[in-house]
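Enquirer: Below are the chains, spelled out letter by letter.
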Amino acid sequence: MNNGLTVALGRRYRFAASHRLHSEKLSEEENNRVYGKCNNPYGHGHNYVVEISVSGGVDPATGMIVNLTDLDSFVEREMLEAFDHKSLNEDVGAFRGKVPTTENVCVEIYRRLIRFPLAKLERVRVEETSNNAFEYAGEEIQDRAAIR
Amino acid sequence: MVYLTRKIEFSASHLYHNPALSAEENKRIFGKCNNPHGHGHNYTLEVTVAGEPDPVTGMVLDLKQLKEILEREITQRMDHRFLNYEVPELQGQIPTCENIARVIWNLLEPKIIQGRLHKVRLYETPDLFAECYRNGAGCA
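These protein sequences, in sequence, are chains A and B. Take the first sequence: its position 16, counted from the start at 1, is 66 in this note's numbering, and no numbers get skipped. Take the second sequence: its position 13, counted from the start at 1, is 1101 in this note's numbering, and no numbers get skipped.
One thing to keep in mind: the hints can contain errors.
Stated by the list, open to error - Under the rule of at most 30 angstroms between Cα atoms (straight-line distance), these lysine-lysine pairs were calculated in the DSS-like manner:
hint: 1; chain 1: B; residue 1: 1120; chain 2: A; residue 2: 170
hint: 2; chain 1: B; residue 1: 1152; chain 2: A; residue 2: 170
hint: 3; chain 1: B; residue 1: 1095; chain 2: A; residue 2: 170
hint: 4; chain 1: B; residue 1: 1199; chain 2: B; residue 2: 1095
hint: 5; chain 1: B; residue 1: 1095; chain 2: B; residue 2: 1155
What the hints contain is simulated information worked out from the structure, not anything from laboratory work.
My request is simple: use the sequences and hints to build the entire structure.
Expert: Structure representation (structure tokens):
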């Protein structure tokens, strides 16, 4: 921060994963009606693009908020290893009992990346296709502790 | 409030090197970006101005004016330049995306007198960008 100005660094990552939208709280017919093709029992996949931004002071010695190699290795470990070439329903614990809509994927990625120790996570944007995008910037401060 | 964004592109070279650090430290921190002869990028700059449309013209500000400001302040200063050596505002700073975005903010903010500068987003590559905005204004 300087003079009330935020400087943020943005980075885009990609992963490919499959999912099926199906809620155990709904009947077969309702699932079909609500989720349409996305309810296909065998699932389907997307090439997801995740855009994140992190803010912080710019270190005068390096000109950086955070070294990209540190950010990339954290995201690789916390997000890409868990999501890339996986079935979101079967392979990611957070989606046992939770429908892996991209809204929920976006919040889950935020929950994982908010732990990054070297800068402040500002926002997560997930593009499911080039026509669908979802963004999450956390809740109000009093709720932020709950998501950590 | 309406937000208006204009995009420009410029191409420039740079290198990352801090003379206060040893050669080994420079190499460790900056990696390939420490190559002494520099390297280049096609930068894309998105400038967002916030304001209320003028009731007579329907414009937040005249895009022609914004285009001229961007041409004069940014393109002429940075396009086809070696940022370390040819942009005085970056002297003494490592020309990272963060620092260039902040220099661009400082250059543009006083020039935009109709509406106000809301956000500057500078892409170094399609997958890497830095942005500047007033604290708390990031989501719009």
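Enquirer: Now, for every hint given, state plainly whether the structure supports it.
Expert: We went through each hint and held it up to the structure:
1. B/1120 x A/170: With a Cα-Cα distance of about 26 angstroms, the restraint between residue 1120 of chain B and residue 170 of chain A holds, given a limit of 30 angstroms.
2. B/1152 x A/170: Measuring from Cα to Cα gives roughly 37 angstroms; hence the hint is violated.
3. B/1095 x A/170: 27 angstroms, holds
4. B/1199 x B/1095: 17 angstroms, holds
5. B/1095 x B/1155: 9 angstroms, holds
Checked against the numbered hints above, the structure violates only hint 2.
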